[in-house]
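Novice: One-letter residues, chain by chain:
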Amino acid sequence: MAHSEQPADDGIHWPSNGISEVPFRVYTDQVTYDREQECLFQGPTWQYLCLEVELADPGDFVSTTMGEVEVIAVRDTEGTINAFVNRCIHRGNLLCMERQGKAKKFTCMYHGWTYDLEGKLTGVTFERGVKNKGGMAPEFRKDEHALRRLRVAVLGGLVFGTFSDTVPDLETWLGPDVTRGLLRVMNRTPYILGRNSQILPNNWKLYIENVKDTYHASILHLFLTTFKINKLTMPGGVFINADGGSHYSYAKLDYAAETAAYKDAGLRSESELQLQDSSIVDSVDEYGDGVSVQILTIFPGMVLQQVRNTIAVRVIRPRGIGKTELEWIHLGFDGDDEAMTERRLRQGNLIGPAGYVAMEDGFIGGFVQRALHYNDDGAGIVMMGGHEAQSQPFKASEAAIRGFWKHYRALMGQ
Amino acid sequence: MAHSEQPADDGIHWPSNGISEVPFRVYTDQVTYDREQECLFQGPTWQYLCLEVELADPGDFVSTTMGEVEVIAVRDTEGTINAFVNRCIHRGNLLCMERQGKAKKFTCMYHGWTYDLEGKLTGVTFERGVKNKGGMAPEFRKDEHALRRLRVAVLGGLVFGTFSDTVPDLETWLGPDVTRGLLRVMNRTPYILGRNSQILPNNWKLYIENVKDTYHASILHLFLTTFKINKLTMPGGVFINADGGSHYSYAKLDYAAETAAYKDAGLRSESELQLQDSSIVDSVDEYGDGVSVQILTIFPGMVLQQVRNTIAVRVIRPRGIGKTELEWIHLGFDGDDEAMTERRLRQGNLIGPAGYVAMEDGFIGGFVQRALHYNDDGAGIVMMGGHEAQSQPFKASEAAIRGFWKHYRALMGQ
Amino acid sequence: MAHSEQPADDGIHWPSNGISEVPFRVYTDQVTYDREQECLFQGPTWQYLCLEVELADPGDFVSTTMGEVEVIAVRDTEGTINAFVNRCIHRGNLLCMERQGKAKKFTCMYHGWTYDLEGKLTGVTFERGVKNKGGMAPEFRKDEHALRRLRVAVLGGLVFGTFSDTVPDLETWLGPDVTRGLLRVMNRTPYILGRNSQILPNNWKLYIENVKDTYHASILHLFLTTFKINKLTMPGGVFINADGGSHYSYAKLDYAAETAAYKDAGLRSESELQLQDSSIVDSVDEYGDGVSVQILTIFPGMVLQQVRNTIAVRVIRPRGIGKTELEWIHLGFDGDDEAMTERRLRQGNLIGPAGYVAMEDGFIGGFVQRALHYNDDGAGIVMMGGHEAQSQPFKASEAAIRGFWKHYRALMGQ
Amino acid sequence: MASDAQAIRRGVEDLIGAYADCIDEDRLEEWPDLFGDPCRYLVISRSNHEAGMRQGVMYAATRGMLLDRVYTLRHANLFEPHRYRHIVGPIRLKSADGATAIVHSHFMVARIMQGGDTTLFATGRYVDRIDISAEPYRFTERIAVLDSDRIDTLLAIPI
Amino acid sequence: MASDAQAIRRGVEDLIGAYADCIDEDRLEEWPDLFGDPCRYLVISRSNHEAGMRQGVMYAATRGMLLDRVYTLRHANLFEPHRYRHIVGPIRLKSADGATAIVHSHFMVARIMQGGDTTLFATGRYVDRIDISAEPYRFTERIAVLDSDRIDTLLAIPI
Amino acid sequence: MASDAQAIRRGVEDLIGAYADCIDEDRLEEWPDLFGDPCRYLVISRSNHEAGMRQGVMYAATRGMLLDRVYTLRHANLFEPHRYRHIVGPIRLKSADGATAIVHSHFMVARIMQGGDTTLFATGRYVDRIDISAEPYRFTERIAVLDSDRIDTLLAIPI
Ligand code: FES
Ligand code: FES
Ligand code: FES
Ligand SMILES: [Fe+3]
Ligand SMILES: [Fe+3]
Ligand SMILES: [Fe+3]
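Protein chains in written order, with numbering that gives the first Met the number 0: chain A, 0 to 413; chain B, 0 to 413; chain C, 0 to 413; chain D, 0 to 158; chain E, 0 to 158; chain F, 0 to 158.
Okay, chain A solo, but in the shape it has when bound (with noise of 0.2 Å):
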């Protein structure tokens, strides 16, 4: 139904100053929709799949979504990971149903067209007819067909695909501050602790904002600021990379100076101000360098976090324009003892749709498209840090969401 909802394109007019002023529009217009499908989700970018351990031997699948369109990712018998579009060639049947699974061949349920594991088409029922009778058109060559196939990358175990024959390969297209960012945090090999996922009521580019948006944290979570938490942090930074689209910012904490703050704080539990229990955020330095939050995002819609001991990937999957669905994928490294599994659980209370820290991020997208509903002539002010889109020693800036936009306009030819 993408043309659905497709109403006259209202214009998006940005204002002179570049990326420092975003149109209120971009937020609400259905045609502004409909390109960033084709621009940016099917577009030069690459986007998140799933973990390379989901699909560990040959045959092993996921179906899953790039922006709003169904694709397949699967691992073949050489052992590559192919990726193409989940739509059948004959009818355009969703080839493959279930989310998850191990498969020789994919084999269409409506009339049974089969496929190989790189997408070939194989297969086509009948395709002779039945004693001779029916059967495909002479000119029919079945050899001459293929699933619409993406291009895969893996890195540090994540596998990311893109329509897109030109976008460079996946660590220049990133570039070497965002890799070392990810390869980071993506030391050792993950398994999936648990899934959540949330549905936003807004535009999905609220959220990515909110993201990269280091100003807003010590201010909308009020649990920081309630309970202390973070008081020993130490300035940290921004990373950009040279499109602007992708980023990371960090921050470094004393880990046993809090720790023992812990314990003191143990001896006057009347405080109103304190945790009863603190054990949803001790936190140990599992990285060995002191730093306790690290943020990461990819354009257009990817998040790799490291708050503490929670790791998790964020997936932004646009739903419409006032409608997003987030998924979050806990996970676990292997090594990790029972100790840090229960660790990572407890903190776990931090992020989520029910997360101490990461709750207001889920509804405050939503405050924002309500308040632009039939009321979004005019710009957002995004000059906190300046008008530039550069990697930025410090947190107070909205560096990160420049970037965004710089990258957006780019591609979206605005």
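Hints were generated in silico from the structure; no laboratory data involved.
C-beta atoms are modelled at their ideal positions from N, C-alpha and C, and glycine is treated no differently.
Accuracy of the hints is not assured; some may be wrong.
Derived contacts from chain E toward chain B, CB cut-off under 10 Å, selection only [as the list claims (entries may be wrong)]: (1) Met57; (2) Ala60; (3) Thr61; (4) Arg62; (5) Gly63; (6) Leu66; (7) Arg68; (8) Thr71; (9) His74; (10) Leu77; (11) Phe78; (12) Leu92; (13) Ser94; (14) Ser132; (15) Asp148; (16) Thr152.
Dock chains B, C, D, E and F with the ligands against the given chain A, drawing on the hints supplied.
Specialist: Only chains B, C, D, E and F with the ligands this time, still in chain A's reference frame:
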């Protein structure tokens, strides 16, 4: 809200070779949907309204829809069946809210305007005001107003209507084959065993194509193969009318042999691969011609089925690009004894929303719709049995589907 | 998501004779709906915001909507009532989420920007950065920014707002008749007995027309005739203001005679055609002028009603082409004794979502909307009482409806 | 003693069950008999109720007013035919002496239109005062506190 | 006597509870055992049922037909994976002699698709004839009367 | 003996009833008292739970963590005001010895926003381990298994 969802036209581009490649966008484009309402459902087609027995006596009426439009069918005092649009002339109120009933006239509840059973405006409340104050503007002449009238025809106890003044009479329009097929099934006075309706999450055309699709049955419907139903079926054929839009397909069965087979089966009831209770397929040759399945469609959206001893009319009602209402009207016939009724009810497990054979047809269209979401470039391939839409003596063919598109393109001017 | 539903304009064609024929498409066209938001609800009209008593003290605020737009009304420290758009200047977040409350200033939860009670931007978090790092671009001057301001006026204890700088002051705009009618009802200090809201499945205009429609009451509302309510009603009249948009109609009643009648009725309580308990219509002439019903409308979407001793403000809030929210604010007045309060509550059964007299008004618009679905060609006839929109001394007329369309066309430029 | 408590609970459950039963199965004529006379039946939104605002959506102070509601529904109001389906959760017996039981229960009400549309129409809590001094038990007061202050289209059938 | 009535009620509640439990927790193989043989299981819309039209959506007259339904669901029908969640209201014990209990109960069924979509799928009333002559109690007849005559997409799992 | 079983069932029903009551009526401060200490409170999707993945949406291992959740909800988290309405179906008493009862129950939770929007927010099953060794009964473990792995907007109030 006809226009509320109407986007700009994205253009439907039909591949050169006519009707054996169907552009996927016909299932996703709002402008196409709106034009279908005008060119097909309000155009030169005859559509099912109700059973004649539902309008047994003068004043009996049924209110229903033709496509998206509310209409009324009623038998007048002369015994003629009339049909008109269910919209009051005054301010457009829905004139009749009951789905079925008996009336001497139709009175609009809003301001009490009345209409006779031919749809003529006969009464205007306070037409001349109250105590000579107010009342209708003098030049208003109620005899100049009547409800928009439909043409009506009856065939085999089924009542049809059309908005068109130009479409030929029903039998001519259906052609001799389809007319014969309809009269074969409706050879006695029917009564309604019950109604069921299904909401399909897909464009209406995906369902009517499915019905015309003789290719999928033995593949999609595992039940038939699992339990070797119809294993004694003899080849049937497909009749397609001249314009291509309407058709019927049929297959014969060796009833006697099957019954015998089930008897034997009783002796080896441990076999995993047979029904514990085969009474749901215990059939009799009620038409005496050995035909066990006859599926008949009337363009654009009606189906008349005989599947063994289940007789049903199916009405396909578009409810938006990606939503369709499918109504099942299950029939029995005067003279059925209790054994026959019980037989029809047990075989009822084969069809309808929970039908062992019909179940897959209820969701497969939704899967196509999902696969096409923001992925509707290109065209489906309908080349089974060639490129034409002729009647054929075999079923491994998509000829009936091509017939649909042949007439569709003619009426849509595409 | 203002634009998400916006289709191409189908064009609204008004029949030659002005305002006594209303094209059905005005209720179904998305472009029309969007233009109404701009030309009517954000245009030169005064719209109800709240009761003055809800803003008794400095800092008291109410957040509500004008049409689809979120706005705030607040009394400032000087005692002036201000109103502005509820959208933060920074990134467009909904500034205030509480429906009602008391505030010294408004602080946006997202990044903490603050505004005074006049809507002026007074604080920007980290405006100069943290430890001289980051902060707003130097040329950003917060004193150049304020929330979009509305004009405010108060009449009879009701607070109104407008986006327009050009619309005349409230009383001039309403004209003497409607002003008088409003002040008659709001002649004491009101308090809120309660609120109810209804979602109507129809275009907002179908409801405001219904309110202005003096023609339907005795026909649609069977309750009145069944129980002979108002049988002692004396002819009333209709006052329509100069632009046609606002009006009030009224009717008198012989209260004393009615009370006597119900007393007698007590003696023949076996009668099927009377209420078992007539206390729901047991009324007193609280205005001392014998008027038992006064229905007043203010263009585009406010109603002030006196139905016997039920006093209510109704606010009509468009929520999409085919969806309207109707809020009932039930009023009592200072000085009401318990008997009067109980009387208002019992009479409350006549109005609201479950009202014996109001119930039909809640769904009739939805029936019109349904009848017009894909069937919106042509125009409705509004010729009861002629073609003009003048005040009239009788009620069998649609003059008030014509008045609405007169002003509607003027503002919409149709 | 226990068996009494048991009996009271059962009687209360029967009354509350009969209430939902006669409404959902369209036997509204039985509905007024479940109340004493005078009585208090009030359908009110939680926001009004908690704010101490007494205006409800439906209100009856006597059995006569209940009878009028039923008569009107049958003969003097127009609306599109529909039905409810009540699901009432386990009762909470807040107190009970020989004369009166105070009982709370949660409800969800689905509304089913003649065309088949099914929606979650209302949710909330019944706050009941029940006369248990004699068989059959009757409502002295039943307040249906609606969680939402929004009603879709109209409220014709009592909650 | 009371304790008997109590025991019958408990047994009936257990049977009805076990029914919802085995369906919602995807232990459909236990479902046929809750019925006698022959039996009558019918899912039918209220509009058909009240009009005396016997055509339902799902119908079984023997335990064999119930077993076939489960087998087919598992092995011979295709549909998108989903689950139900039944909420069954308090039972209404309409009558009970030594042999048979007639029991009514209200239900709401939510359907949860593999993708997470949750909808109010069906509402209605169970009209049960239960054989209480011996343990375990079994359904002689269970009619699931659906309030709506519309079904979204399909009905694969029994109601 | 029967009366014991009866008493246990009643005590369990009271605990489960009190749970829904204090949440839906916004008396969250009473909620932690319904658990033992240590305890286990986990809200988790069925897909995670059945796959043996332990990550939930909300998790508490001590009463302190429950108290923190309530305090945070009241003072340290922002969200649009809303309420729940729980309907909990009949309990299934899976086992009970003198110390512990294992109890399952089905739930539907509607969420009502301040503006009135009402949606079917969550459905699922409570899997409870209840300490019945002493009055008042308390949850040793309550796992709210959500049928869907999707949550609309956020989960602030416990299920
Ligand atoms: S649609 Fe896939 S085989 Fe026909
Ligand atoms: S709309 Fe039918 S009489 Fe007025
Ligand atoms: S959006 Fe209001 S302060 Fe940022
Ligand atoms: Fe955040
Ligand atoms: Fe089929
Ligand atoms: Fe009215």
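Novice: With 10 Å as the cut and Cβ atoms as the points, is E:Phe78 at the interface with chain B?
Specialist: holds (6 Å)
Novice: If you take the shortest Cβ to Cβ gap from E:Thr71 to chain B, is it below 10 Å?
Specialist: holds (6 Å)
Novice: Can E:Ala60 be said to touch chain B, with a Cβ gap under 10 Å?
Specialist: holds (7 Å)
Novice: Holds or violated: the hint that E:Leu66 contacts chain B, with Cβ atoms closer than 10 Å.
Specialist: holds (5 Å)
Novice: Next item in the hint list is E:Gly63. Is there a CB on chain B closer than 10 Å to its CB?
Specialist: holds (3 Å)
Novice: Regarding the hint that E:Ser132 lies at the interface with chain B, is the smallest CB-CB distance below 10 Å?
Specialist: violated (24 Å)
Novice: Is the hint on E:Leu92 kept, meaning its closest Cβ partner in chain B is under 10 Å away?
Specialist: This interface hint is violated because 29 Å lies over the 10 Å limit.
Novice: Just to be careful: measuring from the Cβ of E:Met57 to every Cβ in chain B, is the smallest value less than 10 Å?
Specialist: holds (5 Å)
Novice: Hint E:Thr61 vs chain B: min CB-CB distance below 10 Å?
Specialist: Holds. Min distance 5 Å.
Novice: Would the hint on E:Leu77 stand, with a C-beta cut-off of 10 Å toward chain B?
Specialist: OK, holds: E:Leu77 within 10 Å of chain B, min 5 Å.
Novice: Grab the minimum C-beta distance from E:Thr152 to chain B and call the hint holds if it beats 10 Å, violated otherwise.
Specialist: Interface hint status for E:Thr152: holds (5 Å vs cutoff 10 Å).
Novice: Given E:Arg68 was flagged as interface, is its beta-carbon under 10 Å from a beta-carbon of chain B?
Specialist: Holds, because the Cβ-Cβ distance from E:Arg68 to chain B comes to roughly 8 Å (cut-off 10 Å).
Comparing the model with each earlier hint shows violations of hints 12, 13 and 14; every other hint is respected.
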